[in-house]
Each structure stands twice: as structure tokens, then as C-alpha cells.
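Student: Read off the chains here:
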Amino acid sequence: MRSETGFDPALYDRFPTKGGRPKGEEEELRRIWCKPKGWEYLTVVNNNYVGIYYLGTAFLFFLMAGVLALLMRAQLAAPMLEILPQGTYNQVFTMHGTVMMFLFAVPAVEAAGVLLLPQMLAARDLPFPRLSAYAFWAYAVGGLCFFASIFVGLAPDGGWFMYPPLTSKAFSPGINTDFWLLGIGFIEISAIAGAIEIIVGVLRTRAPGMSLDKMPIFAWSMLVFAVMIVIAFPSIILGTLLLEIERAFNWPFFDATRGGDPMLWEHLFWFFGHPEVYIIFLPAAGMMSMIVAAVAREELVGYRLIVLAMLATGFISFGVWAHHMFATGMPPMTTGFFSAASMAVSVPAGLQVFSWIATLAIGKRSFNAPGLFVLGSIVIFVTGGLTGVMVAMVPFDWQAHDSYFIVAHLHYVLIGGMVFPLFAAFYYWIPMVSRRALSEPLAKWVFGLMFSGMNIAFLPMHLAGLQGMPRRIYTYLPGQGLELPNLISTIGAFMLAAGVLLFLVDLARNFRLAPGGGNAGNVYDGGTLEWLPSELYSTRSIPVVRSREPLRDDPKLADDVAAGRYFLPGSATGLRETIVTSPLLAEPQYLQIMPGPSAWPFAAAVFTAGFFLALTVQAYMFGWVSGVLAVACVLRWLWETDRPVEQAEVDIGAGIMVPTYVTGPSSHGWWAMVILLVVMAMIFIMALFSLAFLWSNQPGFWTPPPKIGAALPVALLYGTALVAALAARRLLPRGAGGSAGLLLFSVLAAGVALWLDWSSWRASGLVSEASGQGATIYALQALQAFATGTGLLMAAFCAARALRGLVSLPRNNSVDLTMLFLAYTAVQGLVAALFGRAFGMP
Amino acid sequence: MRSWLILLGGLLLWAVHFFLLYGIGEFGGSGPAARLAIGLISIACLAIITILLVRLARQPREDALSGWGAYLGRAGLLLGALGVVWQTLPVLLAQ
Amino acid sequence: MTSAGSGWPPAVFDPAGPYSEPVTTLAWALLLGGTAVLLAVLAALWAALFGSAKLKARLGGERAIWILGFAFPAVVLTGLLVWGLMLTSSLSATRVTGQEMRVKIIGEMWWWRVHYQDSTGRETLREANELHIPVGTPVLLELEAADVIHSFWVPRLGGKMDMIPGRTNRLLIQADKPGIYKGQCAEYCGGPHALMGFIVVAHAPADFARWRASRLPASEGKAPGLSLFLSSGCAACHTIRGTPANGLAGPDLTHVGSRQTLGAGILPNNPGTMAGWVADAQAIKPGNRMPAYHQFGGEELRALSDYLVTLK
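Sequences listed follow chains A, G and C, in order.
Note that my numbering has the first sequence beginning at 1, numbered continuously upward.
Note that my numbering has the second sequence beginning at 1, numbered continuously upward.
Note that my numbering has the third sequence beginning at 1, numbered continuously upward.
It should be emphasised that the hints constitute simulated quantities derived from the structure, not laboratory data.
Incorrect hints may have been included.
Unchecked claim - Partner residues aside, some chain A positions facing chain G, computed with beta carbon under 7 Å: (1) M333; (2) T334; (3) S696; (4) G700.
These numbers come from a predicted model, not from an experiment.
Note that CB positions come from ideal geometry on N, CA and C, so glycine has one too.
With the sequences and hints as input, model every part of the structure.
Tutor: Set out below in C-alpha cells:
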């Protein structure tokens with residue numbers, strides 16, 4: 001056996017350990033991971049609570065957006081009805097799409113990850129519990145306020161895709177659009193926080209021995225999901241930022257009359273928007289794979305092919321964005337690229353479907369609740385996939401695009417690919433968190449109504465589309481043959497809703513939360529670690545994983561784990577902690593000390609939401625106060641972290657010693673910072689793309705940039721900033737003060753460089769309001785200013801900690817991470833300065 | 001890093017290939033020069049895929065994970081090759 | 001002339017020209033092929049659950065996954081891709097011979113300007129919401145947008161093409177049979193997007209020539225409707241060539257009486273609907289840019305609509 005970290009795998013043979021455990025060990029674990037009381041329910045950070053809150057909130061949005069769908073179906077039941085007036089309808093369809101995509105689908109699967117992953121990986125919690133809590137509260141508060149806009153008629157009405165110029169100030173003067181831009185931009189940030197958490201969680205907190213090839217398939221899907229969020233969401237964050245700046249400050253990014261281009265928005269939106277569909281689908285497919293295996297009571301056939309399929313989907317889905325733009329007049333060769341990629345992305349989907357069928361073929365046949373929803377999902381999803389291949393054909397798409405055919409297609413894909421798997425997951429995993437399982441007899445009715453309702457609602461829409469019915473219409477004229485298909489669709493929609501209502505009844509009758517143990521247990525006989533007996537601290541001890549379905553392969557495992565015969569049977573330090581393992585082979589590396597409950601993430605989330613909402617309703621004073629308070633809360637929360645404990649090394653079981661404080665590239669903080677920098681880099685790259693795109697499409701508005709030679713001082717200063725940041729880490733052993741000083745100096749150099757760069761553009765006569773070029777150049781500088789400002793906060797934070805003697809020597813995580821951020825900032829600034837000058841050089 | 005490259009090699013190549021093609025199409029037009037460049041890039045990608053397939057087949061298996069990774073790597077290369085071929089078809093067929 | 005269609009057969013399956021016909025063939029192939037694949041997957045699912053042990057064993061391994069999930073789609077999709085790419089090229093307006101009739105159509109919130117051009121691209125006639133073409137002749141449309149993004153779609157004559165501010169997109173359509181072909185804006189453009197209709201009227205060549213010849217400016221005359229039109233502010237937005245009315249914001253009304261529809265494809269055109277439209281266009285198409293003229297009495301409305309419907 002090879003080792004990844006120098007850990008000797010033979011040590012695993014010491015487990016399960018013999019002999020009893022000391023008395024009081026388990027009580028101590030219970031005390032450390034205690035239940036919240038009263039107000040403490042707001043300050044919990046444990047994934048057992050945050051995961052449930054998260055999932056519950058996401059489901060609430062599913063129900064509310066579903067009600068909006070019913071309103072629309074009522075309006076469209078017959079031609080020229082006036083149930084919803086035009087303006088309201090336009091808000092309702094915009095909110096339905098937006099809420100389903102941004103407030104239900106992505107958060108729901110992210111929530112499932114937060115709830116299930118630590119259990120499946122046998123970690124005590126995710127690596128950044130407070131970040132999870134922050135992400136959840138930001139989403140919940142922001143999302144609910146956003147949704148409330150519909151009750152006062154201020155909901156956005158530009159479609160969930162928000163194409164300018166319809167959404168520009170000229171054609172949408174109200175604050176409705178701002179609700180969307182600020183609300184959604186903000187919720188994306190929460191999604192990214194969750195994604196960082198999940199990537200580090202999956203790669204670094206798996207149970208020892210759970211190498212990549214033994215990882216539960218759901219963890220694989222969440223890993224790909226989270227990486228895709230990191231790559232895709234920056235595009236929409238940048239897009240919303242640019243459009244909001246255009247609306248607020250009149251910078252013409254998307255205004256064709258001033259050298260902007262509405263097509264730029266389409267690219268930015270769909271570069272996020274299409275991967276988004278797979279971002280939603282993959283975790284649901286991961287759940288499907290888990291549930292299929294459990295239902296069939298067999299190990300998943302084609303596990304490795306499914307992993308490949310998920311990875312391939314993750315890649316190829318980034319090459320399909322422009323298939324939403326086949327009718328925009330792109331040249332045939334370019335549409336051909338996207339058509340080919342759209343075909344290619346269907347291959348991995350086929351691999352997964354046939355893996356499920358193969359698993360069902362070798363396994364037992366059972367039509368329990370998860371089994372029914374799994375079968376329904378396969379049928380619906382395959383149908384949607386096939387119409388997907390149809391619309392991947394450019395000439396057919398010219399007819400189908402923006403018609404009800406697409407409405408049918410996307411609902412087949414999303415309901416089959418996400419909603420049905422989610423319901424299967426509800427039935428399958430509710431016994432893990434609830435004292436009682438849901439009702440099997442009732443489930444047959446729920447499934448029957450949902451499955452038939454879904455097909456009755458959406459099958460006729462294919463026809464309506466081919467008859468010529470466009471999407472997003474609040475009514476239609478009689479006499480076009482559209483009456484019957486629409487009436488049938490409406491009936492189907494209400495049947496689907498009846499199924500969901502019945503599910504709610506079942507939930508009310510049987511769902512009784514049991515986070516601290518006493519749950520219904522392994523009703524469906526799953527083989528993965530989430531079915532180990534667990535309490536708030538997760539499992540009593542953390543098992544060595546030797547196969548993909550450890551519970552099936554080692555019948556004694558559950559007892560041994562509960563008796564504390566594996567890793568970390570108690571708390572080694574008296575604090576919350578989990579084992580950090582290596583990314584490939586999951587060898588134990590160190591013990592992570594985890595933060596406990598705190599009011600600060602909650603407060604930070606409320607103030608962050610307050611900041612964005614106040615900007616939306618133009619209460620600027622309140623907004624800025626909220627913003628400052630939000631930053632203060634985050635700093636306060638961080639102040640408690642990054643503190644080494646007394647014991648430098650501890651026994652995590654069977655005499656295996658690991659350190660309790662690790663810095664540098666193997667620490668979980670370093671990983672999270674690198675991922676955050678990838679997010680920042682993606683935002684920046686999309687901004688560079690915007691500049692190149694406008695240069696290529698609107699050359700008539702281009703003015704010559706300042707000379708590239710004049711950027712030399714700028715480049716030298718950024719170089720200085722980079723060197724200073726790197727040196728700060730190197731010089732830390734000699735003292736925290738000097739190191740913090742160097743960090744501050746790095747920020748100063750970067751700030752001066754930015755100021756010089758900005759001045760030279762001002763001197764060249766480029767004005768941000770005058771042209772797309774001006775807008776984009778200054779937007780690049782605004783991004784740079786944001787990075788520099790954040791770097792300043794971080795450096796000042798390190799300096800304050802150095803003054804208080806809180807910086808550990810010779811290595812310290814806060815200094816390391818600040819160094820990484822400042823080094824990135826310097827490089828980004830340099831690239832921005834050179835890239836801006838390169839376009840349109842004489 | 002090596003393990004990840006083996007795992008993702010074929011897909012990474014597909015991605016590099018796709019974004020080069022898109023870049024050429026978006027910023028370089030679809031004239032004969034652009035088409036020629038794309039053809040050469042495709043041939044290069046397919047050649048790299050072939051080389052990697054051969055090398056992966058010869059690589060010794062150190063443990064369960066690397067054998068598993070090698071299988072995935074080869075399957076990914078196969079998928080990548082299909083993608084590259086499809087991605088090139090528009091150059092030949094779409095005027 | 002055939003009517004605008006009852007929705008059956010569905011427009012996409014009822015092509016009327018060479019730019020829609022091959023897509024219909026493709027659509028049938030995709031629909032039937034897709035159904036066949038769906039049935040095959042259902043059969044596999046059925047076999048996995050209820051099939052014989054032998055069948056189950058065949059399905060239950062990686063070999064089956066490779067064959068059904070990789071090899072089969074690889075072959076089928078390669079074929080489809082080749083077909084799709086070749087068809088895309090042959091239908092695209094990148095291949096223009098110069099023999100096409102040329103028309104510029106500009107999408108507005110929530111109607112269409114139709115500017116007929118000669119072969120050099122010079123504008124020869126302004127109309128709105130209705131395109132007249134001769135059968136058997138390809139028509140090259142130059143599609144633009146005046147405000148927000150719209151999309152031009154007449155399914156029986158061809159696919160759709162977006163109209164994007166700052167760009168001119170080109171689309172080829174052709175009708176092989178005389179008739180009226182309905183279209184509608186396909187890109188959400190706010191407000192009454194649902195009621196932004198359009199029609200194409202295809203004439204036999206001789207009829208087309210007659211129609212074209214009839215496009216003369218209105219005579220000023222002494223119709224009481226005209227003076228009302230001029231004195232009530234209508235002329236601020238509408239043009240009637242041959243009269244002082246030269247507004248540009250709304251549709252050109254020089255030949256409004258000859259149009260099949262009112263309000264951009266949503267009402268039949270007769271004196272009654274015309275009067276109704278003038279009196280309260282907001283009730284008919286809420287949000288459109290034509291204000292309601294509640295101040296007109298019945299007499300005035302009759303005079304105005306009688307005049308307008310005579311503008312043939």
C-alpha cells in the first residue's frame with residue numbers, strides 16, 4: 001500500500017479497539033455538542049440543526065413558488081382570462097422561475113449536503129460550521145424579504161433571465177428589478193459560502209480510510225456540484241453587479257447605443273444559467289444513486305461510471321451555455337460548437353440512467369416510497385433528456401426556442417431530475433432525522449398524484465409549443481387551438497399540487513424532529529455511514545472505512561462505533577473537534593478544533609441582508625450602517641477563531657497521535673482561501689471577457705488606451721505588493737509585528753498602484769458613462785478596489801491580533817491566509833492594468 | 001496533483017479544446033484560417049489523448065485507488081475524444 | 001386564401017415553405033426517434049424489474065451500461081449532429097444570392113415596423129404589423145429592435161430569430177402557397193408581450209403585383225374623419241402619407257384599412273373594432289403605447305373609424 005501523507009495504513013488494523021472506554025467519555029461528548037435551548041436555536045451552528053433549517057426553508061420556497069405556478073395555470077386555463085392582470089402575471093412568472101431556481105433548487109440540494117455529508121463521511125460536522133450558519137441565515141432572511149416583494153407589487157417582472165435592455169433603467173424604472181439584482185446577487189454569495197464548505201468538507205473531513213473510490217456517490221455529486229458553483233456563480237455575480245451599476249450609475253455595459261451590448265448579458269447569464277441546471281441535477285442524481293442501491297439492496301452497479309459521468313457533466317456543462325442563444329444570430333459554426341457540446345452532455349446522463357437500471361436489474365424489486373419516486377424520476381427525466389437532444393439540434397431549436405415546448409422540456413428535466421429525486425430523498429432520509437418514518441400507504445397516493453399530475457400538466461405543453469404558443473405570455477387569443485392543451489395542463493398542475501399537499505399532510509402527521517438521537521433509523525436498509533447510530537456529535541467514534549458500503553460489509557460496525565472502538569471516541573481536547581484527513585486516501589492528518597454556537601454569524605447575516613435590502617429600497621444611510629455592522633460582526637466572529645490549544649498533539653484513538661494546529665497548504669483554512677480566490681479569479685476573468693467581448697463586438701466605440709509603457713510604475717508597485725505579502729509569511733518566525741507591518745505595506749503598495757492606474761485612465765479621457773469600454777475598464781478597477789479594501793481589512797485584522805499577542809509563531813493561519821489574499825490581489829491588479837491597455841492598442 | 005490529472009485528463013483536454021474553439025469562433029471569425037487553426041488544435045488534442053491512453057494502460061497499479069483512477073482516466077479520455085471529434089464537426093460542416 | 005389556422009395541424013408540423021419544410025422533417029424524425037428511445041428505456045426498466053433472470057443478468061453489468069449509455073448514443077447522436085449542422089448551414093441567411101426580396105422589420109414595444117426595400121436596400125414602403133410577400137420567392141428579413149429584445153417567429157415559414165438592439169440579424173423565409181401565416185413575438189419584451197402578434201400575407205405573384213401597385217399615398221380629401229384625426233393629436237404619433245399626419249412613434253396608417261388585423265395581430269379589422277381600439281386600446285391591450293381616447297363621442301368615433309378603414 002502506498003501512502004499519501006506518510007501515515008502507515010497498517011495502523012488501521014488497531015481498530016476496532018479492544019476493552020471498554022472510560023466512564024463519562026460519552027457524557028462529555030454530549031455536553032460539548034449540547035442541544036440548544038430557547039434563543040440558542042438562532043445561534044446554533046451544528047449541521048444537524050442548520051441542515052434542517054436550510055432544507056425546511058428551501059422547501060417552503062418550493063411551496064410558495066408552486067402556488068405562484070398554480071396562479072399562472074389558473075390564468076392560462078382559458079384564453080383571455082383576467083384572473084391575474086398582465087403586470088401581476090409578469091411578476092408572478094418571473095418570481096416562479098427565480099424562486100424555484102435560486103431559492104429552492106440550489107439551496108435545497110446544498111441543504112441536503114449540509115445535513116447529510118457529515119453523517120455520510122462520519123465527520124462530527126462540516127469544517128466551517130459558522131460559515132454554514134451564516135450562509136443559511138443570509139439566505140433565509142434575504143430570500144424571505146425578496147419573496148415578500150410580490151405582496152406589495154414590487155417583485156421583478158423581467159423574467160428570471162433578466163435580459164437588458166428590458167431590465168435597464170429606461171424600460172424598468174421601478175425598484176422591482178433592483179430587488180432581483182441585489183437579492184439574487186446576495187443569495188449567490190451565500191451559495192458560494194456553502195460550496196466552499198462542501199468542497200473542503202468532502203475532500204478533507206472523510207472518515208479515515210475512505211479513499212476517493214470508497215466515497216458515497218452522493219459525496220462525489222456534492223463535490224462536483226460545489227466546484228461547479230465556484231466556477232459558474234461568479235459569472236452571474238458579475239452580471240448582476242454590472243447591471244446594477246448600469247442602472248444606478250448609468251455605466252453602459254449593456255446599452256448598444258453607447259458601445260455596450262445586450263448580448264454580453266446573455267453570455268454572462270447563461271454561462272452561469274446552464275451549468276446551473278446541472279448544478280441542480282447532479283446532487284439529485286447523487287441521491288438517486290444512493291437510493292437506487294438501497295432500494296435494490298445491492299451495491300451500485302457502475303459506481304465508477306457514475307463518478308465519471310458526474311465529472312464529465314461538470315466539465316461539459318460549461319460548454320453549452322449558448323444553446324440558449326441559437327436564435328440570436330450567431331454564426332452557424334459557433335452554434336455548431338454549442339450544439340455538439342449539448343449532445344455530448346447527454347452521454348453522461350445516459351451512463352447514469354443505465355447504471356440505475358443495471359442496479360435495479362441485479363437487485364430486489366421493491367415499490368416502497370423511495371423506490372416509486374426513483375422509478376418516476378427515471379421515466380420523467382429520460383423524457384426531458386430526449387426533448388433536450390431535440391432542442392440541441394439548432395434548426396429544431398429555431399422553432400422550439402422560447403415556446404411552450406421548452407417550458408415542457410425544462411420541467412421534465414427539472415422535475416424528473418431534481419424534484420422527484422428530492423421526494424425520494426425525503427422518504428429515504430427522513431427516518432434519519434425524524435422519530436417516525438413517513439407513511440408508506442399515503443406515499444403511493446402522493447406519488448400517483450404527482451406523477452400523473454406532472455405528465456398531464458407538461459405533456460400537452462410540447463404540443464402547445466409546436467402550435468406556436470410562445471413562453472411568458474399572460475394570455476392567449478382564442479381560435480388557435482390552444483384552449484384544450486392549456487386546460488389539460490391546468491388540471492394536471494392542480495393534481496400535482498394535490499400530491500404535494502398530501503405529502504404535507506403526511507409530514508404534519510409523522511415528521512417529528514429527533515436531532516439528538518432516537519430517530520426511526522435505517523428503515524430502508526442503506527449501507528452507508530449516515531445510518532450509524534448518531535447523536536448531535538454525529539457518531540460516537542469515527543470508523544475506519546474499508547469498503548463502499550461499510551454497514552453491509554461489517555455487520556458489527558454499528559455496535560463497535562457506538563461503543564467507541566474507533567477513532568476519536570471522546571473529545572481529545574474538551575472542545576468540538578473533527579479529524580481532518582488527506583484528500584485522496586483519507587489518511588488522518590490532524591485534529592481540527594471547531595467553533596461552537598455563536599450569535600455573530602447570525603448577526604452578520606441579518607446585517608448583510610439589511611445592507612442589500614436597504615440598497616434596494618434606496619435607504620442608503622441605513623444600508624451603509626448595516627454594511628459596516630455586518631463586517632464588524634464577521635470580524636468579531638473570526639476573532640475567536642485560529643487559536644491553538646495547549647496540547648500540540650493528541651491521541652485520536654488507539655495511540656495514534658496527530659497535531660491540533662496545522663498551517664500551510666495542508667490546513668483546511670488554506671484550502672478554503674484558495675477556493676475563495678478561485679471565485680474571485682472567476683469574477684475577474686468574466687470581467688476580462690466582458691472587455692474583450694465589447695471590444696470585439698462594438699469596435700466603433702473604442703478609444704485608444706493609455707500607453708502600455710506607462711504602466712511600468714503600476715507593474716512595479718504590484719510586484720512590490722506581491723513580494724511584501726510573500727515576505728510577511730517568511731518573516732513571521734521573527735515576530736508578528738514585522739509580519740503584520742509587511743502585510744499592511746503590501747496593501748499600501750497595491751492601493752497606490754491602483755490609484756496610479758486609475759489616474760492614467762482618467763488622463764486618457766476615458767469616461768465610465770460614455771462607453772462600454774469606459775464602463776468595463778472602471779468596473780475592473782472597482783473589482784480591484786474591492787479586493788484591495790478587503791485585503792486592508794484582513795491585514796489590519798492581523799495587525800490587531802499581533803498587538804494582542806494572538807498570532808501564533810512561527811506559523812499562523814490568519815497571516816497565511818492574508819498573505820494568500822494579498823498575493824492574489826497584486827496579481828489581479830497587474831493583469832487588469834495590462835489587459836485593459838492591450839485592447840485597442842494602436 | 002498527478003492523481004487528479006489522471007482522473008480528469010480527458011475532460012480537461014476537452015475543456016481546453018472547447019474554449020480554444022469558442023475563442024477562435026467568437027474573436028477570430030469562421031474564415032479558412034480559423035478553420036485550419038481549429039483543425040490543427042483538434043488533431044493535437046486527439047494525438048495527446050492517444051498518447052495518454054497508451055501510457056495509462058502501461059502504468060503499474062500501486063493500489064486499489066490508482067487502479068480505479070486509471071480506469072476512470074481512460075474512460076474519461078474516451079469521452080473526451082468523442083467530445084473533441086463532435087466539437088470539430090461544425091468546422092467541417094457548418095458554413 | 002387559407003385562414004390563419006386553427007392550431008391543427010400544429011404550425012411546426014404544417015410547413016409552407018422551404019425554410020420550414022426540412023425542419024418539419026427533422027422534427028418528425030426527432031419526435032419518432034425520441035419516442036422510440038423512450039419506449040426502449042421503459043422496456044429496459046421493465047426488464048430490470050420483471051424480466052427473466054437471464055435478461056436481468058444482461059442488463060445488470062457495466063458492459064450493458066457502456067453499450068446502452070455510451071456506444072448507442074455516440075452513434076445516434078453523431079448522425080443527428082451531422083444532419084443538424086448541415087441543415088443549419090443550408091437554412092441560415094449566411095447564404096444569400098441577391099435574388100431575395102428584402103424587408104427590414106423593426107421590433108417595437110409591442111408592434112412591428114415593416115420597411116420594404118428594393119434590391120439595393122433602399123426603403124420603398126413603410127407598413128406595420130403585416131408583411132406581404134409573393135409566393136415562391138425567398139424573402140430576406142433584416143431584423144432590428146428599437147427598444148428591447150424581441151423575436152420574430154412565423155412558425156409555418158421558418159424558425160425564429162431574435163431582434164436585438166444594436167444588431168441586424170438576417171432571416172430567410174418563403175411561402176409556397178398563398179395564405180395568411182400567423183406569427184408572434186417570441187422573446188419576452190415586458191408588458192403585453194403576449195399580444196404582440198404579426199401576420200404574413202402571401203400572394204400569388206400577380207396578386208402581389210396588384211397589392212404592391214395599390215400602395216399609393218392617401219388623398220387628402222375632405223373626410224370628416226381626417227380632420228378629427230389631425231385635430232385630436234393622432235398625427236403626433238401616426239403617419240398617413242399624402243396628409244399632414246407624419247408622426248413616427250406609432251404604426252404608419254397610410255394603408256391601415258387594408259390590414260387584416262388591428263393592435264398587432266390581435267383583432268380583426270373592421271369599423272367596429274377600429275372604433276373600439278381608438279376609444280380604449282388600453283382595455284384591449286393593456287400597457288400598449290396607444291392612449292385611450294375616452295373623450296370621443298360615438299359620432300366622432302364613427303367618423304374616425306369610417307375614415308381609417310377606407311385607407312386601403
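Student: So which of the earlier hints does this model not fit?
Tutor: Hint 4 is the one this structure does not satisfy, whereas the remaining hints hold.
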